[in-house]
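Respectively, the protein sequence lines represent chains A and B.
One point on numbering: in full-length UniProt numbering, the residue at position 101 of the first sequence is 101, and numbering is uninterrupted.
One point on numbering: in full-length UniProt numbering, the residue at position 232 of the second sequence is 232, and numbering is uninterrupted.
Hints were generated in silico from the structure; no laboratory data involved.
Any given hint might turn out to be false.
[Unchecked claim] Covered stretches of chain B, going by a simulated chain A footprint (3 or more residues, C-beta under 8 Å):
| # | segment |
| --- | --- |
| 1 | 264-277 |
| 2 | 284-295 |
[As the list claims (entries may be wrong)] Cβ-to-Cβ under 7 Å is the rule here; a few derived chain B residues that face chain A:
| # | residue |
| --- | --- |
| 3 | 56 |
| 4 | 65 |
| 5 | 66 |
| 6 | 68 |
| 7 | 208 |
| 8 | 316 |
| 9 | 319 |
| 10 | 323 |
| 11 | 544 |
| 12 | 545 |
| 13 | 558 |
| 14 | 633 |
| 15 | 857 |
| 16 | 858 |
Keep in mind that this is a model prediction, so the values were computed, not measured.
Heads up, the beta-carbon is just placed ideally off N, CA and C, and yes, glycines get one too.
Next come the chains, spelled out residue by residue.
2 protein chains.
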Amino acid sequence: MVSPAAERLRYILGEEDDMPTPTLFTEMDTLQQDGDELEWKESARWVKFEEKVEEGGERWSKPHVSTLSLHSLFELRTCIQTGTVLLDLEGYSLPQIVDEIIEQQVDEGMLSPDLREKISFVLLRKHRHQTKKPIHRSLADMGKASGGGARECPSALWSSMAVSSLRHIIVLPKCYICHAQSRSMNDISDTPSTDQLRNKFMKKIPRDAEASNVLVGEVDFLDKPFVAFVRLAQATTLGGLTEVPVPTRFLFILLGPTGKAKSYNQIGRAIATLMVDDLFSDVAYKARDREDLIAGIDEFLDEVIVLPPGEWDPKIRIEPPKKVTSADKRKSVFSLNELGQPNGAAGGGGGLAEDEEMPVAHELGEELAHTGRFCGGLFLDIKRKIPWLLSDFYEGFHIQSISAVLFIYLGCITNAITFGGLLGDATDNYQGVMESFLGTALSGTVFCLFSGQPLIILSSTGPILIFEKLLFEFSKNNGIDYMELRLWIGIHSCLQCFLLVATDASYIIKYMTRFTEEGFSSLISFIFISDAIKKMMGSFKYYPINTDFKPDYVTAYKCECLAPDPSESILMPTDNTSSLFGLNITGLDWSQLSKKECVKYGGSLVGNTCKYVPDLALMSFILFFGTYSMTVSLKKFKFSRYFPTKVRPELTEEGLDLYTVTNRLLFWGQKGCPTRPDRGWIVLPFGKNPWWVYLASFVPALLVTILIFMDQQISAVIVNRKENKLRKGCGYHLDLFWVGVLMAACSFLGLPWYVAATVISIAHIDSLKMESESSAPGEQPQFLGVREQRLTGILVFVLTGVSIFLAPILQFIPMPVLYGVFLYMGVASLSGIQFWERIKLYMMPSKYQPDFPFLRHVPLRRVHLFTLVQIICLAVLWVLKSTVLAILFPVMILGLLVVRKMLDMVFSQHDLAWIDDILPGKDKKKEKKKGDKDDTKKKDKKKGRSDDMGCSLPI
Amino acid sequence: MVSPAAERLRYILGEEDDMPTPTLFTEMDTLQQDGDELEWKESARWVKFEEKVEEGGERWSKPHVSTLSLHSLFELRTCIQTGTVLLDLEGYSLPQIVDEIIEQQVDEGMLSPDLREKISFVLLRKHRHQTKKPIHRSLADMGKASGGGARECPSALWSSMAVSSLRHIIVLPKCYICHAQSRSMNDISDTPSTDQLRNKFMKKIPRDAEASNVLVGEVDFLDKPFVAFVRLAQATTLGGLTEVPVPTRFLFILLGPTGKAKSYNQIGRAIATLMVDDLFSDVAYKARDREDLIAGIDEFLDEVIVLPPGEWDPKIRIEPPKKVTSADKRKSVFSLNELGQPNGAAGGGGGLAEDEEMPVAHELGEELAHTGRFCGGLFLDIKRKIPWLLSDFYEGFHIQSISAVLFIYLGCITNAITFGGLLGDATDNYQGVMESFLGTALSGTVFCLFSGQPLIILSSTGPILIFEKLLFEFSKNNGIDYMELRLWIGIHSCLQCFLLVATDASYIIKYMTRFTEEGFSSLISFIFISDAIKKMMGSFKYYPINTDFKPDYVTAYKCECLAPDPSESILMPTDNTSSLFGLNITGLDWSQLSKKECVKYGGSLVGNTCKYVPDLALMSFILFFGTYSMTVSLKKFKFSRYFPTKVRPELTEEGLDLYTVTNRLLFWGQKGCPTRPDRGWIVLPFGKNPWWVYLASFVPALLVTILIFMDQQISAVIVNRKENKLRKGCGYHLDLFWVGVLMAACSFLGLPWYVAATVISIAHIDSLKMESESSAPGEQPQFLGVREQRLTGILVFVLTGVSIFLAPILQFIPMPVLYGVFLYMGVASLSGIQFWERIKLYMMPSKYQPDFPFLRHVPLRRVHLFTLVQIICLAVLWVLKSTVLAILFPVMILGLLVVRKMLDMVFSQHDLAWIDDILPGKDKKKEKKKGDKDDTKKKDKKKGRSDDMGCSLPI
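Whole structure, please, built from the sequences with the hints as guidance.
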């Protein structure tokens, strides 16, 4: 079953790996004639993907997948078979290496000795590289070039000639030999030039990289190709051969008779592509002889993916895929001495052969295991965190932390402003912007100092905001003191959190699936959207517009305050009223009174403008939709390409764009929401409400606990996902403990409650990500891990605390702006979730439906059924929310868990695995069996989900 | 040089083509076990691209390029080499064919006779096809399926088993032989089933198509593969073998021992892909023996495009490319008996081998040749059109015309409304909506009846609008009667047009390049944008907002009209004033007067609201930006996927979206612009202006002529482009003649002037395009031509004429809405042109720059220089436009031609060819030399430009 090629490879690759082979940088130079001079011009390069020099554009193309012709690969195979192969040549300079090659060819009778000089001359011509010039230099060039119209002519001629398919055919001038004698035989310097050293491309190449140089060209003095493949014993810097100062290890030379330049180029590209192939480069490093190389080519050919000529235009450059199959799988076939089936497994993009596995249930790590002991989880958490205590601080000292702090700070104060404003609005300013800043600073600092997962950022969140609103309305309607009730709820809730911590209850988070999460966040989104629009519509009611207004009749519009009819005031004693306000009403100048005063003193407002307020409603509308559209377009701008990579993410992340918007509108009119003056900084627990309220608040506290628990732990699960590569472990129980403590503290101080905010925590992690510095062009940079420390978080919240002095200014932000942000948050969080995508499927003919993975595996009607169930659940929740049961909505969310459980009976586990997640316990065994084998796959799957989730709970 | 394979192919393909080979539809069925039953299940199909059955999703995947493994192609080659090949078998039913194959194999000793029955049993199992169910049926299924949770279980088990890489391995049950005996040997019916007949997929398959069926599967009774390739002498419908009732011509059968299902599938996909390859299917039809087939495979292998395994994930499905290289090139190598270089030319996507040619100068057809005779062009035009006169009418009777008429009608009245409104605004209602409708109807009908190119739609355009505005201002400032001046300009201009027609002057249109066109349309765009914004800002000036308004002090806001101070009125005789208005001023109730009356009677307005107008400015702002954003988003919606293809283009084209917007806001308040009452329907040529004006109007007429000429002929060039495949020829001179006549007529009637409108004309052509009805899934439908006739145009304008009764309603459309449309037009036309793309390049790091073709061929600094020149030209034009020279702006546009001519000295022709176009005369010879060889290329290039152009002049 095993071919001789595979046998060979198994032999050379199966050896114990003493050291990994270096990465290869491959440069292909072609022989060109510039005027009278011959030179080697760089025409393409490979780190992993191909970058080509755009002939006319004098620029590098975008990295793309090398598309080869099968023919050129076979020709290459023949070249290696018939050409000179020198392995482990002791080479120290290019002339010496060239001499050795020529000597070898002459010895073997493949080259007539009189061509020796000519070949050597051609091979030692200088190399011109395509280097990226900085913009000021290229602008200088522009001036120069545009001056001389005449100078352009030959070049224009040349290019039009080159263009007309004659390109690259170099006809050597007749006086070839005289040139050869009159000029230096060797144009190549021994040391790297400054251009080489300054080349910024160097940072894209791994430090240990070695170069392989491919030289192809046609000359008129040869009648059969001159081919050489050289591996040097030591990688050596061969002067100006390579674009970057990387030592050369491999050299492939192909000179041939004129007329087949295209074909030579193809062969050059083929060997270059082979050299950057992970498996073939291994083979090239370890090959003992020509046959090993050929076996390597054969193996490559076996694994190659083929596109039929009639279905694909070879001119299209294929963009590098997001993810590339690892070469390890191919290598393992040889090195592990497994009797595998190396062939036929690679191909088949659309074939039946694809072995996509069912997505596995999300594992949540041993931190969530149920210990069964009292506070078992908490103690484990503390034990896990103590060893990192010191490093949690000193690891924060890094330049990256500064940008992370700034970025997250902006996000935090945006959140504080928005939620502060909205909370103030919802609670009649019992909690306003001032409290929001203070609370954020206090809770955040404490949490970052002591929590189990200091990367989590605490913030006000949507569910809590909605709950506070419902609570305030409830207490107002029932004559209960809001602040005191809230304090008791906080205390109860804190105790309940302790109970949850003590009993390791966090493990039930495992039962939360996409279904529940999406239901939860959709409901919140809908509430956000409907509230924002309702509020907006409200302004048209409060500030009605006079739609009949005619500018010409402005003289007819007035609103006058008339004194009350004296005949009516006879009924009440006149003295009484006048003394009531300490004024003599009869002496009052009624026309000077304001609207409120007029009403106060019993006057009547007469006139056709009294009930209208000009401009305000429309201005609110403009601010509302303006804010919304600006946030939307700023968010979109992220994907634009106008700024260098480093700047962009920070410039346009949600945090900043909201900030920009609010800041821009900061000083615009209309008084907002000052913190209520009739409340102190300490809320006293007794005195304002009857005693039973203290006990009864246990019930709403339960609701808050459910909310907090779910919000906190879902965010924590997302932050602690495996693909974030966190080393220091997490602490679900410890986190919940501190959230509980902070709840009580905030309740005493009358500050809002805080839980983990998904979006901003993810942003925190993203801004602290460590990535491999050099990645091949076109390749995704490798993610190394996250800078886990407490310093950035603490700094963010200290800064937020300092910003409290901004609060007096910030409260002038008009409410419509905040409602606009509110609307944006609702819409943005809706559009990110799969549920919404599935709803859209209802409206799409199946031909146009996007290629979602779940659509490949689950019949459309099942998907629709699942979506329908979700819609019905949401509708029921919405109706319940609109009734008196509104305040119970956290419990309703729990109801979703029950519905999800019942879905297990309707849908197969296979379908659920694709549309939703599998509940734990259902396929634990299967999961264990599969284990770590397909780790990479899991990660990728997870990653996909993480993106989803990131969007699904941005509130 | 010529390989034996090529020799063979040349022999069989080189024969005289008696008839083209039919298109092949290929279906691959795999052997599956459903419960106890064996069946063939359709797993993929090919018309041109592969469509796969998504196992779990029970749906067809999107069509994609088949990615094969090279290994499977080699295995297939071996299969054909060793298996049974029966060419031109006389087959009438599947059992008979199967018998023949088995007999052959037994005869050759490849199959032991005792397996005869088993193989025959397996091959005659019934075939299950993946057919698309209508939605009501699948909903019914949904109900059924969701009922039985238990029923799902085995299926779930099965899929999870299938999923875990064991898929497709059919272990036949032990009681295999008893089954074979107990059940019918043949499950396949002789006639096509109703499912087959009703299959809507049929319409995707060309009528003459034949089927090739690929059957692969594993069975446990074989120890070596059973392979057969059959070509039937006559294509025969073999019962339920194929999904659609298409007769089968080819049959490929591969049965093999268990354990290598994946590999068999790959081989099946390989032969299926080969069968749909244009060249191989030719070979398959004409092959004389096994060796011919193998030669066909070898040729295919030679042309194949290869992706390196390390750079591409084979799981990614590649979308079909927009354009596929024609197989004719490959075929020509064999059939034309040319000694070509068949190999090595196909590959090299990114390689140096790509032979992209310089874009050729746009040829404009012999219609624009300079005849040199008096009216030579005009007579030729008339001669060209006369033969089509009848067909111009009867070809209009087609169902497509109805939708075209409706669509273009909507576009026309939108244009009439918008430009009518704006013209009314610009000319103080001398030309309003009413005139606009009337003029459009009149000019359009006449033009469509008599013009050379009836597909062109006349409309008001931006340049004319701007000229009218400048003219009106000029005449107002200089005390000249506008309508009379305009009439004389019209007369002069008409005569000038006749002169241009008589001298065949239209040929100079050849000197217009992208540079000039872009300069022209950018200037217009900028004027549109700046005017729209200026007008908008104006409304804040006319209707100032009281920013200090406090709702509470509404009582303090009033505006009263006070009688003039009697002491002042002493100076003028009181009786005089009172008698002036026939009123006794002293007896006037001043407080009842309106603002205007108050001012009229000399009263003074006192109060703090007099100078403010509430709500109007903000409402205008909302309407303005609302209209703009709605048009933008409606335009974007076009690319969305929510409607079946047929509906979408018509639903969202510019015409309609504007219409929707304006219609929706139709009845909203604020009185607009009624047609001026003090003008009649005939403008008299004499009487109002001094005599020299009649002569002097020659100068502005020249400007109008330049404008009209350029606007008209550029649009005509675009409409008459070769890629529109017009058969009836065009008539530049005839068109211009009628435009001139209509100018004079419109001037007499006081109607606006009309010229060809690019966007709407292109929309007209698009809506009349004829496309090939069946195109393979994933393939672009083939464009056959345009329904050239006069009927649709005439109907459109008659309808527009009837819609004149709408005008009284339409004039209530608020102006801000029209300004919003105006802004949109400006922005949209800017964003479509290359100039704008190049400006954006300034701000992009080169890494993020899109892969424009010109960037591949022209150095960035030259591109930047070219853009800079354009920017400077525009800036100069803009400055000139703002001075007294404004009215000369058509001449300035001609200045652009001069600048462009000078650019020839700075830029090489090669660079200009890519960024701009080459001026005629520069490379005429080259063009002719290349001639028709690369016709397809030219067309594609043109097409790209046409899209650009289409957008570049939408005004």
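For each hint, the structure was consulted:
no.	hint	result
1	264-277	holds (count 7)
2	284-295	violated (count 0)
3	56	holds, 3 Å
4	65	holds, 5 Å
5	66	holds, 6 Å
6	68	holds, 4 Å
7	208	violated, 19 Å
8	316	holds, 6 Å
9	319	violated, 10 Å
10	323	holds, 6 Å
11	544	violated, 11 Å
12	545	holds, 6 Å
13	558	holds, 4 Å
14	633	violated, 10 Å
15	857	holds, 3 Å
16	858	holds, 6 Å
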